[in-house]
Amino acid sequence: MKKILFSLLTVLFVLTSCGPDAVKFNDAIAKANATITEVSVSYDGDLTNAVNNEDFTSIAAKTDSALAKIDAEITIVKALDVPKGGDKFKEAALKTYESLRGVVEAGKGFATLTKESAIDDVNKLQETYQAKVDEYSKSFQELAIAQAQYAAEAGYQVKK
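Mapping of the sequence shown onto mature numbering (1 follows the signal peptide of the UniProt record, and there is no 0): residues -22 to -1, 1 to 138, in sequence order.
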């Protein structure tokens, strides 16, 4: 019983030493990251299926839906109060979400295709889309680094 009580007190001490704002801030961005990741995976799958099935007309609606979800997360993160040392973490999160927005906007270009579209047109869209995906992947990695740095400064560990 003493071990459990000691462990509980240790956890409470760790949480209070970094302040509730730091944890709340991290948790809010972690939640936004989960939503953004879900949007990314879902949109990429929807886009791939639409292109493979030559269902180009469905792409615009899927794009608008994804953009609305991304914009909602951007609004939430922009409104967060930033605790000490959290500026770079917040900036990295917003940069990542904006880069995903760029991916989705590039994907909307596929809505202009038809079954008769030239292969060169398809290839150009794919190259543009892939460049945006690469940019998003890089910014997501930078976000993970910013989160780890913020956690270290705030005095807690990020669990994967």
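There's no promise every hint is true.
Using 30 Å as the maximum straight-line C-alpha spacing, the simulated DSSO-like pairs for lysine-lysine come out as follows [claimed, not checked]:
| hint | residue 1 | residue 2 |
| --- | --- | --- |
| 1 | Lys110 | Lys68 |
| 2 | Lys68 | Lys116 |
| 3 | Lys62 | Lys86 |
With beta-carbon atoms standing in for the labels, derived distance ranges [unchecked claim]:
| hint | residue 1 | residue 2 | range |
| --- | --- | --- | --- |
| 4 | Ser95 | Gln135 | 49 to 57 Å |
| 5 | Gln135 | Thr90 | 23 to 31 Å |
| 6 | Gln127 | Ser95 | 40 to 48 Å |
| 7 | Ala96 | Ser20 | 39 to 47 Å |
| 8 | Glu105 | Glu69 | 50 to 58 Å |
| 9 | Ser95 | Ala130 | 44 to 52 Å |
| 10 | Lys62 | Thr13 | 38 to 46 Å |
| 11 | Gln135 | Lys9 | 17 to 25 Å |
| 12 | Thr26 | Ala50 | 18 to 26 Å |
These aren't lab readings, by the way, just hints derived from the structure by calculation.
Here the structure is a predicted model, which means the values were calculated and not measured.
We put the CB at the ideal spot given by N, CA and C, even for glycine.
Here is what the structure says about each hint:
1. For the hint pairing Lys110 with Lys68, the CA-to-CA distance comes to about 21 Å; that is within 30 Å, so the pair holds.
2. Between Lys68 and Lys116 the CA atoms are separated by roughly 16 Å; this keeps the pair inside 30 Å, and the hint holds.
3. Annotation: proposed proximity of Lys62 to Lys86 is violated, straight-line Cα distance about 39 Å (limit 30 Å).
4. Checked against the hint of 49 to 57 Å, the C-beta distance between Ser95 and Gln135 comes to roughly 50 Å, which is consistent with it.
5. For Gln135 and Thr90, the hinted distance range of 23 to 31 Å is not satisfied, since their beta carbons lie about 47 Å from each other.
6. Checked against the hint of 40 to 48 Å, the C-beta distance between Gln127 and Ser95 comes to roughly 45 Å, which is consistent with it.
7. At about 29 Å, the CB distance of Ala96 to Ser20 disagrees with the hint of 39 to 47 Å.
8. Between Glu105 and Glu69, the C-beta spacing of about 29 Å breaks the proposed range 50 to 58 Å.
9. For the hinted restraint 44 to 52 Å between Ser95 and Ala130, the CB-CB distance of approximately 50 Å keeps it satisfied.
10. The hint said 38 to 46 Å for the Cβ distance between Lys62 and Thr13, and at roughly 26 Å that hint is violated.
11. Separation of Gln135 from Lys9 is about 18 Å and conforms to the stated range, judged on CB atoms against 17 to 25 Å.
12. At about 24 Å, the beta-carbon gap between Thr26 and Ala50 stays in the expected band of 18 to 26 Å.
In this structure, the hints that do not hold are numbers 3, 5, 7, 8 and 10, in rising order.
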